[in-house]
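Student: As a plain string of letters, each chain reads:
2 protein chains.
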Amino acid sequence: MKISGLSERSGVTIASIKYYLREGLLFAGRAESSTRSEYDESHVSRLRLIRALIDIGGLSVTAAKAVIDTIDDDEVPIVHAFGVAQHAVSASLTSATPPTEAGLRRVDALKQERGWQTHGRNPGEEIAARVVDAFSAIGRDDLIGLLPAYADAAEIVARADLDATLANGDDRRLMVETVVVGTALGDGLFAGLRRIAQEDIARSFGLPGSSLEPSPLDQNGPAS
Amino acid sequence: MKISGLSERSGVTIASIKYYLREGLLFAGRAESSTRSEYDESHVSRLRLIRALIDIGGLSVTAAKAVIDTIDDDEVPIVHAFGVAQHAVSASLTSATPPTEAGLRRVDALKQERGWQTHGRNPGEEIAARVVDAFSAIGRDDLIGLLPAYADAAEIVARADLDATLANGDDRRLMVETVVVGTALGDGLFAGLRRIAQEDIARSFGLPGSSLEPSPLDQNGPAS
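Those protein sequence lines, which keep their order, are chains A and B. One rule links them: number in the working numbering = place in the first sequence (from 1) + 376. One rule links them: number in the working numbering = place in the second sequence (from 1) + 376.
Since no wrong hints were added, every one of them can be taken at face value.
It does not matter which identical chain is used: a pair holds within one copy or between any two.
Here are the simulated SDA-like pairs of lysine to any residue, each with C-alpha atoms no more than 20 Å apart in a straight line:
{"#": "1", "residue 1": "K487", "residue 2": "S580"}
{"#": "2", "residue 1": "K487", "residue 2": "D576"}
{"#": "3", "residue 1": "K441", "residue 2": "F403"}
{"#": "4", "residue 1": "K487", "residue 2": "G521"}
{"#": "5", "residue 1": "K441", "residue 2": "G400"}
{"#": "6", "residue 1": "K487", "residue 2": "I532"}
{"#": "7", "residue 1": "K394", "residue 2": "S436"}
{"#": "8", "residue 1": "K441", "residue 2": "R424"}
{"#": "9", "residue 1": "K487", "residue 2": "R579"}
{"#": "10", "residue 1": "K378", "residue 2": "R422"}
{"#": "11", "residue 1": "K378", "residue 2": "S421"}
{"#": "12", "residue 1": "K441", "residue 2": "D431"}
{"#": "13", "residue 1": "K441", "residue 2": "E399"}
{"#": "14", "residue 1": "K378", "residue 2": "D416"}
For the record, the hints were derived by calculation from the structure and aren't laboratory data. If you're wondering where the values come from, they're calculated on a predicted model, not measured in any experiment.
Put together the whole structure using the sequences plus the hints.
Tutor: See below:
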């Protein structure tokens, strides 16, 4: 198909397709002439992956390129793919303000408690430490008590991520894709489910107001 | 203290303080003259909360204001506070592209399976449905199999959030603060811990490459 057909099939504008070609996120089509290339289903699939990473995973174009290069490179070990995905997906969660030593020490203590082994510093340590710092900064050190439950939940999700990866154990490419897609989209999936579970559990505990007021979660409620 | 002292104590620039005063996120100081106000520790605390919500929670100024208004309004029921916090924190996770009916149906089926009750549509449903849509769009419907494990994890975190809230059961203001802070910062805390657990579990399973290569998670690795 021509680039116009590719745009139609994928729902991505021609301008964006050209941009992804230039940036190397999308591989070139088969050149038919100096101004025309022929594209196929593999281009449609790749464009959908690019859009999922950027639109739903919140990755920058640079981060999406790093992730896609990892899928394409047959030499990359799976564990390395986890690393690339973690760094790419963490970029939007880290900031110019580094965590304090106290915050990092608290996260390190949690690692010890859970027996979590990492090689050097995992990007997640900085992200978690900054939240611990924020709890302290607002005078709510008591909220650090949330860490063990969140760690239990993190282990369940990490194991599910790994199981999904190993389910494609005979196909290296599919394994790497699972790692990067799961890491990039899993945060959003968890955040969504957490909100639903939070509303359910708050209601079932009969928190003040839960049976008295129309729900603010209703589309017509004051919070929408 | 003067505004310059407030800036020094809180680490927030005078320009930002004036902006938060104008937007109503920070309550006014005691007027000493037409050009000078006196601020106290309550202003320092409030500024730290504002920065935690914006810098770590990723909230917009508008969303932070909605959250802070909820803390300040003694009439707001706790369950309503959950709703405001959920909407405020979800704004950055939703997008102009609505989820498909198929995606929403899949999330609805999960709610049925878990017995999760919500009043109307919880903002998390849209977020989760869009991830389900993304799995389908890239031809990875098999990843929908991640949902039950993620739901288990979401229930653990939701219960911990609620326990932390109920621990302040004698202080309505502190309860509301716990709800909004926990919701705003909890996503980041979970995302951080998930990455550490993911690396640990991938290594313990001896994924290809895990014992052969220097870790890409190392600060000097190719992915940093």
